[in-house]
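Visitor: For reference, the chains in residue letters:
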Amino acid sequence: MLTRASVSFAGRRLLHLSMCVLAGSLVLCCQALCQSPPSDTPPFPATNLVAKDTPDDDGGSITLSWTLSADDSGGKNDVIGYEVRRSKDPNGPFETVKSVSKGTSGVTDESKVENDAGYYYQVVTKDVGSETPSTVFGPIQAGVQWFNLGRLNTLIVTLIYITLLLYFIVQAKKGAKLFIRRIAGLDALEEAVGRATEMGKPILYVPGISTISDVATIASLNILSGVARTVAEYDTRIIVPNYDPIVMTVAQEVVREGFLAAGKPEAYNEQDVFYVTSSQFPFVAAVDGIMVRERPATNLFIGMFFAESLILAETGASTGAIQIAGTDAVAQLPFFIAACDYTLIGEELYAASAYLSRAPLLLGSLKGQDWMKMFLIGCILIGLITLNAGYDGFKSLFDIPLTIFR
Amino acid sequence: MTGMELFWAWVAAYLTLSIYSFLYKDNVFYKIAEHLVVGVSVGYIFTINWFQGLHPYLFEPLSKSGEEPINLLRLIPFALGLLFLLRISRKYNWLSRFTIALVMGIGCGTAIPYTIEARLIEQTKASMINLFDQPSLWAGVCSFIILAGTIATLVFFFFSKEHKGVLGGTARVGVVFIMVGFGASFGYTVMARVSLLIGRLNFLINDWGKGTYHFIFG
Amino acid sequence: MRRQVPLLICFVAGIVMLAQSFIPPLTWFYTNALAWARIIACIALFIGLISLVRLHTTKIKRKSANWQFSMITLCALGYMMLAGLLTRYGFFIWLHGKCVSGSTGDGFVTVLENAFNFQDIFLNVQIPIQATMFSLLAFYIASAAFRAFRARTLEATLLLIAATIVMLGRVPIGQMIPGISEITTWILDVPNTAAKRGIMIGVGLGMTSTALKIMLGIERTYLGMKD
Amino acid sequence: MSFWRFLLRMDRRIVFILVALAVIAPLIAPLNLPISVSKPVRNLHRAVDQVPAGGRPILVSVDYDPSTVPELRPMTLAVLRHCLKRGVPVIVLNLYPTGSGLARDAVETVGKEFPGSSYGKDYVYMGYKPGVTLVMMGIGEDFHDTFPTDGYGRQSSDLEMLNGVKNYDDIALMIDFTGSAAYEAWIMFAHQKYGCDVGAGVTAVMASDAYPYLNSGQLVGLLGGLSGAAEYEQLIDWPGNATIGMDAQSVVHILIIILIALGNIAYFATRRQGQTAQAAGRERAGGS
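Residue numbers (the numbering used here), protein chains in the order written: chain A, 822 to 1227; chain B, 44 to 261; chain C, 1306 to 1532; chain D, 21 to 308.
It should be emphasised that the hints constitute simulated quantities derived from the structure, not laboratory data. It cannot be assumed that every hint is accurate.
[Claimed, not checked] Calculated pairs, DSS-like style, for lysine-lysine (alpha carbon to alpha carbon, straight line, at most 27 Å):
1. B:74 to A:1022
2. B:253 to A:1085
3. B:253 to D:132
4. C:1368 to B:134
5. D:105 to B:253
6. B:68 to A:995
7. B:134 to C:1364
8. B:68 to A:1022
9. A:1216 to B:68
10. C:1364 to B:168
11. A:933 to A:909
12. B:207 to C:1364
The model shown is predicted, which means the values in this text are computed figures rather than measured ones.
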């Protein structure tokens, strides 16, 4: 039932008014119309209207596309926009489901589209004084897809990665020998805790200013667990101000367990792991206050940070504390590098848990990460070679969403 | 400027100067401002949470309003939230883990495909460049440098092998790229930060200073 | 029960979320999970409130250092919560006025809305303090550069040279040096892009692997080690 | 203690004072550092400069809101000053409610600076008018129909300079200051439809989006961000807030570079004096 509009309106192009009307609010332009209707000829219609079920979704949606009217950005250039109209009957009546500005050649209709009902569509080209409908397209049905083909490449990469990780985790479980390179910032952790003990001063641990669903926060809490244990062994006090209540709860749990593991549960003070506020700069103001008043010997800023990174690190530096930072926020790394003694850069943050605990399972996953890196570098190189040899098919496998099946 | 506006301008100016006094050293003005803003911000967040979180997401779906049917499913997160509140109980605080586990699971499960798409696939694709299809020879060279730098930086993050030999050399090139990139970001940010300071000074001079002057002298 | 059930919940929730991104009919879970997480986060704030109030009341009770200031926090908190709740719908009117019609939203302003100066306090206490804290960066960026940018090693030298060139290339006085703008653009576009991309991919790998380890229960410190 | 060693141990508060001075000093005593003027700014300046004094007015639309004031207000003032200085009449209007106070403030500020010019003869403020594109079209049909009164409620017909203004034909140049895409609408209506020359002042972030219009000649000139405003101030020889702002930026940037340089010289000088790396390595500029 593919009907395509291909009507010529050449004879109607008598007047050539150099009018140009902005793609602004259609409503406003309609008001203009009410006030002083300018004399006008109807614009050329939109052509080649095609509607199809929106791919890779759970139904309730139809995607339309058309060729712009000859008077849109060309011809008289007086089109102000298009109205998409829909009906269950090819003869109408049609109801408007969407209005778009000029220069738009496609929309997705999601307004109460019933699955498996046949719809007819029409696109109406509007200018200030008149409108021209396109030919009707239909019927078309919206449906449910059971697999998102556009994400097939994501699924494959995910599966490859998971397989690599699991393989090396299993190898590690079997007792394979695993090496891990030095990470200076983590080597310094114990020294930093020791220093605080010597000086009889506390340690400050800021687990970032994000929520628990941020993986960087989780990585930080894993490091906190190692730090808490060392701290307990050294009989030092640890202060953990929090930005998020759920993170605080987990931090309390983690620190308590650390003291328990070190055999000193009585030394744990729940009020040292506390909530401050979930507002960025008020939080920073409070942590700055803690740094200058409690004068911790060591400051650890590990997790997700934003612009406040440098405020924290510079205030900490002014108190003479040893500072170790770690974040995957690329924009903040330069400031931590400048103001802290050691900085865990990006992926090092995620490797920390394995590094500190040396748990074989975690070390295994690190090896999996490295293999995935090699896989990606390999992909880049293959892509580079094929692309420069004039074949872009390999690169298109990395399109998001994947379009090769469409 | 009305008298009330002038009053608030003075409050804001006083607090602004209190914060700046911290640059000299910690003092009573800073402490007041700091403690005040912690209280105010939590109170504000509480209100926002209530009216823009609990109200539309929990109270409204559970009460009959408008055409939407009652969404009893919302009782599940409500119950989980209550379990989380058991944190304060010594005996039942372990129940809060159910909630934490759920939130963590949702977070991790959502993060995996999203991260793989945005950080792995997209970036890998962006690295595949046609070196010869460039506006100039120099542009081609630059594209190649970006590519080499990306790979070298990635090599720096190899953990399971000692950084010696070729691997070590490449990793060192990666460090060079990282440091130049960080230096550039640092230098680039200065202007934005100075603008913030200019903005505050403008407030002090124009809104507060001149505002007060005009209020008194007309 | 105390360990296995949470691990199972985490695993199932993770798998469902993972699956929904590939199977369109499951997106229902995602939409709901977002709302659920939001509700839980809102309720969790009460725990934060309790922690905050406990901390400060303890300070006051024990008369520990700076306990007087804790009273300020508690008073401000109490007042804002009360004012916020009492002006409930007025608050929305205010927001509407601010967001939709801007400074001329006087028509929406009711007596109820600002009966307790809720938004005045927000706008004239919290906002200026936030903006001023933020602007401290102008000072700190200078002191950090002065202290840290020393040509001790090759890496540090590169860092400081790149920073210096870009700083020069950003301001009119520096742009008078011939070629500086071009070099600045080049540094920002070429080595900077390469480094960021490499770090991004690495971070992506680390994040995914950590997320997976949490789901599988390999990384379970968040639950505590023993029970 | 040698100068270099003093530098290495310098209290960071000295750095803070220097930064504060570097920002405040240009506010008190403007340095007016030379600014190289870019072509789009020069073009807009020329366009304004070529409008004959006392003839057809220039139409200025102030369409920004408080968030973009730091960048857009200085350029608005600079252009208004240029007009009044030259005796070119200006019509100021405003299409977005959030900017009405700002537009009025700009007109009144500049108006006060030119006691010789008078309201209604040399400049008028037409106030906020809802409808955006509707207003733009309305001016093309009949200015007085669109604006029966000015921003203070006076009858437009009573304002001398508006007597000869019927539509865009009677407007020499239109300039839009905006943090949004409003300038595109002005191009479409004032320029494309009614053939009036259009210039624009936008934020630094948006400037790159506006360049294509410049190349196609749809914009006669463009001011981008604080630096664009500073360049315009340079051209009219009237250093204002933008020049001061750019002065402050230049001074702070140079200050930081000098500090870095001094720090390094000090570092190497003290090392040569036989300082152990340990002593130099652990220096902290932090006082207290």
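Visitor: Hints first: check each against the structure and report whether it holds.
Guide: Evaluation of the provided hints:
With a CA separation close to 22 Å, the supplied pair residue 74 of chain B and residue 1022 of chain A stays within the 27 Å bound. With a C-alpha separation of about 61 Å, the suggested pair residue 253 of chain B and residue 1085 of chain A falls outside the 27 Å cut-off, and the hint is violated. A threshold of 27 Å between alpha carbons decides the hint, and for residue 253 of chain B with residue 132 of chain D the separation of about 15 Å falls inside it, so the pair holds. For a cut-off of 27 Å, the pair hint linking residue 1368 of chain C to residue 134 of chain B is broken: about 30 Å separates their Cα positions.
Restraint check: the Cα-Cα separation between residue 105 of chain D and residue 253 of chain B comes to about 25 Å, which is no more than 27 Å; the hinted pair holds. Simply put, residue 68 of chain B and residue 995 of chain A have alpha-carbon atoms about 57 Å apart, too far for the 27 Å limit, and the pair is violated. Note on residue 134 of chain B and residue 1364 of chain C: the hinted pairing holds, with a Cα-Cα distance of about 26 Å set against a maximum of 27 Å. With a C-alpha separation of about 20 Å, the suggested pairing of residue 68 of chain B with residue 1022 of chain A holds against the 27 Å cut-off.
With a C-alpha separation of about 57 Å, the suggested pair residue 1216 of chain A and residue 68 of chain B falls outside the 27 Å cut-off, and the hint is violated. The suggested pairing of residue 1364 of chain C with residue 168 of chain B is violated, with an alpha-carbon distance near 55 Å, which exceeds 27 Å. Restraint check for residue 933 of chain A and residue 909 of chain A: satisfied, since their Cα atoms lie roughly 13 Å apart, inside the 27 Å limit. Proximity of residue 207 of chain B to residue 1364 of chain C is assessed by CA-CA distance (about 54 Å); at most 27 Å being required, the pair is judged violated.
In summary, the numbered hints that this structure violates are 2, 4, 6, 9, 10, 12.
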